[in-house]
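Trainee: This is what each chain is made of:
There are 2 protein chains.
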Amino acid sequence: AIADEVEAYFLKSTRGPMTGKRVLVTAGPTVEAIDPVRYIANRSSGKQGYAIAAALRNLGADVTLVTGPSSEKPPAGVNLVRVESARQMMAASEKALPVDCAVCCAAVADYRPSIETDRKIKKERGGLTDLPLTENPDILKTISQMKEGRPRLVIGFAAETDDVLGHAEAKMARKKCDWIVANDVSPGEHCAMGGERNTVILITEKGDETWPEMSKADVARELASRIAQTLRGPTLVKAAE
Amino acid sequence: AIADEVEAYFLKSTRGPMTGKRVLVTAGPTVEAIDPVRYIANRSSGKQGYAIAAALRNLGADVTLVTGPSSEKPPAGVNLVRVESARQMMAASEKALPVDCAVCCAAVADYRPSIETDRKIKKERGGLTDLPLTENPDILKTISQMKEGRPRLVIGFAAETDDVLGHAEAKMARKKCDWIVANDVSPGEHCAMGGERNTVILITEKGDETWPEMSKADVARELASRIAQTLRGPTLVKAAE
Numbered sequence: 001a002i003a004d005e006v007e008a009y010f011l012k013s014t015r016g017p018m019t020g021k022r023v024l025v026t027a028g029p030t031v032e033a034i035d036p037v038r039y040i041a042n043r044s045s046g047k048q049g050y051a052i053a054a055a056l057r058n059l060g061a062d063v064t065l066v067t068g069p070s071s072e073k074p075p076a077g078v079n080l081v082r083v084e085s086a087r088q089m090m091a092a093s094e095k096a097l098p099v100d101c102a103v104c105c106a107a108v109a110d111y112r113p114s115i116e117t118d119r120k121i122k123k124e125r126g127g128l129t130d131l132p133l134t135e136n137p138d139i140l141k142t143i144s145q146m147k148e149g150r151p152r153l154v155i156g157f158a159a160e161t162d163d164v165l166g167h168a169e170a171k172m173a174r175k176k177c178d179w180i181v182a183n184d185v186s187p188g189e190h191c192a193m194g195g196e197r198n199t200v201i202l203i204t205e206k207g208d209e210t211w212p213e214m215s216k217a218d219v220a221r222e223l224a225s226r227i228a229q230t231l232r233g234p235t236l237v238k239a240a241e
Numbered sequence: 001a002i003a004d005e006v007e008a009y010f011l012k013s014t015r016g017p018m019t020g021k022r023v024l025v026t027a028g029p030t031v032e033a034i035d036p037v038r039y040i041a042n043r044s045s046g047k048q049g050y051a052i053a054a055a056l057r058n059l060g061a062d063v064t065l066v067t068g069p070s071s072e073k074p075p076a077g078v079n080l081v082r083v084e085s086a087r088q089m090m091a092a093s094e095k096a097l098p099v100d101c102a103v104c105c106a107a108v109a110d111y112r113p114s115i116e117t118d119r120k121i122k123k124e125r126g127g128l129t130d131l132p133l134t135e136n137p138d139i140l141k142t143i144s145q146m147k148e149g150r151p152r153l154v155i156g157f158a159a160e161t162d163d164v165l166g167h168a169e170a171k172m173a174r175k176k177c178d179w180i181v182a183n184d185v186s187p188g189e190h191c192a193m194g195g196e197r198n199t200v201i202l203i204t205e206k207g208d209e210t211w212p213e214m215s216k217a218d219v220a221r222e223l224a225s226r227i228a229q230t231l232r233g234p235t236l237v238k239a240a241e
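Residue numbers (the numbering used here), protein chains in the order written: chain W, 1 to 241; chain X, 1 to 241.
So here's chain W without its partners, still in its complex pose (with noise of 0.2 Å):
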């Protein structure tokens, strides 16, 4: 541990493209609690958006990692924020801001249970038959559709199981933010959640790009790399439309 804080300590000190910079990483699942006991989640790791951080990082970005339960190892030399829900999310998220980039690479539930309870429900005093859902606020759509102080760029992932490309471009509309990262999340012997390798299609405002499989490494510094030279050329996203 002493030596990933030195690693960091040495990496961050060179002065890299991106120092100077400050970046919001989300990642991870979230915990949406019924009760004390029960919840509801899904199956992210946080692997890639923990190596994201950390390839960040080692450009020499000031990186504020808001993740959620997670028994991956987060990278030494970001700020980590422990969350669990959508909500504790959403609120550790803007308390980073303001930011040059935010990668939002988190799982973030869409819905929770509309009441949650501080006792533990019981089958037997009539339990429950189903389970009434309350939207959750959308982290990437908020901070892509900041009309003061918005990063200069917002990155959203697209987990999909079909129609991978259609189902990322049009989440690409409907939230306003600049790219997306979309991969296939299929259950199969090779699936990226949780896995350890990645095959994803990069879009941006010049149309999309697929990448060949790779590690979750790989596809971190790729994307590092890609936002730093976004961020330092001199046609930016945003001051381009």
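Just so you know, nobody snuck in bad clues.
Which copy is meant is left open, so a pair is good if it fits within one copy or across any two.
Simulated pairs of lysine-lysine, DSSO-like, Cα-Cα distance not exceeding 30 Å:
#: 1; residue 1: Lys-123; residue 2: Lys-176
#: 2; residue 1: Lys-216; residue 2: Lys-73
#: 3; residue 1: Lys-206; residue 2: Lys-216
#: 4; residue 1: Lys-123; residue 2: Lys-147
#: 5; residue 1: Lys-122; residue 2: Lys-216
#: 6; residue 1: Lys-176; residue 2: Lys-216
#: 7; residue 1: Lys-123; residue 2: Lys-206
#: 8; residue 1: Lys-141; residue 2: Lys-206
#: 9; residue 1: Lys-122; residue 2: Lys-206
#: 10; residue 1: Lys-95; residue 2: Lys-141
#: 11; residue 1: Lys-147; residue 2: Lys-122
Think of the hints as simulated: they come from the structure by calculation, not from any bench.
Following the hints, put chain X in place on chain W, whose structure we already have.
Mentor: Positioned in the frame of chain W, the structure of chain X alone reads:
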């Protein structure tokens, strides 16, 4: 890992009070899929069940450990069966029968989503306003009420947040198991759920005993020793009826 296997071999090869006895232990949470990425689960870590399986193995028992997803290291020298859902846990438990003793320590989901879809549910297609639920099979009740081949000793667990003893005694009567190990899982600093320590009440046909707070390993050793005593003693719980 090799050291663990060697330890388990010598521990088991020693003649212990449970040598020749078959035991089923269920542990951990169950995970009930909503769609390929979302699920309902609970905060059980599997620690207490894994410790019980190890303690019974140490007394010479032939242990089948049926476990839901857990990041804990399972004990060596037991027959390990990994499952996700309550229905899978029911099937794996029935496959492990006949046994002399069943220790149903898993936090089995009482309910599962009525419909599981193989495509991710999309919010923009109307999404979910509520989640219809269906009752899961009751493993403890099923094993306790077997007409033929019932284990001589069936032990249930009751994780409660209020009126611990009352709920646990009612559970014992309803399920018709022989013993209940009850504990308080109210959230807090020393929460048993996920934590290392536990304060339990053991309820048997003779009444209830509150044990002092101790490590989960100590709870397991004490319980295993009581199981061994009961299965060896001249007055068996069931034979005495």
